[in-house]
Amino acid sequence: MGNSPRFHVKKRTLLAVAGCVWFLAGFNVARLGVLSYQLVDRITLVHLLLSVVVFLLFGRMFFKMSGKHTRRIHGYPQPTRPVWHFFDAKAYCIMAVMMGGGIALRSSGLLPDAFIAVFYTGLGCALALAGVLFWRAYLRYPQDAAALS
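Residue numbers for the sequence shown, in this note's numbering: 1 to 149.
If you are wondering where the hints come from, they were derived from the structure by calculation, not from laboratory data.
Please note that a few of the clues may not be correct.
What the hints assert, rightly or not - Taking lysine to any residue pairs in the SDA-like style, the calculated list, with each CA pair at most 20 Å apart, reads:
1) K90 <-> G101
2) K64 <-> A91
3) K11 <-> G67
4) K68 <-> R81
5) K11 <-> V21
6) K10 <-> P79
7) K68 <-> C93
8) K64 <-> C93
9) K10 <-> R71
10) K90 <-> G100
11) K64 <-> L129
12) K11 <-> A91
13) K68 <-> R136
Build the full structure now, drawing on both the sequences and the hints.
In structure tokens, the structure reads:
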């Protein structure tokens with residue numbers, strides 16, 4: 001990478017960066033959900049099942065998204081890209097809206113702790129799973145790159 005422009009990394013590294021970003025975001029969101037569960041007076045099986053439902057819904061969406069971004073990264077014609085290209089512009093906008101909305105809702109106090117607990121735990125685990133999927137793509141990159149050639 002001696003003659004690569006500043007802040008450029010190999011395409012494979014973009015997958016690792018995406019994995020780290022998504023996993024850390026998911027871990028932190030799930031942590032907030034668990035902390036909210038500690039504030040709920042009585043946790044029922046319904047709460048836990050709803051967390052699983054949220055996980056399954058967002059997990060499906062993030063599974064598709066991770067595949068889309070992995071294919072996009074594989075498809076770059078250059079061997080290196082700027083490190084921030086693990087996302088496209090649309091994904092950055094979605095991330096900003098989700099983060100801003102989540103922070104605003106949580107700090108507003110409009111939603112009960114039980115809702116935050118259920119939603120954030122499921123969402124955070126789904127985000128972390130997306131991170132794992134990007135890491136899997138990172139680990140499989142040499143075989144995948146050979147197959148795409």
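Violated hints, by number in ascending order, as checked against the structure: Nothing - there is no hint that the structure violates, so all of them hold.
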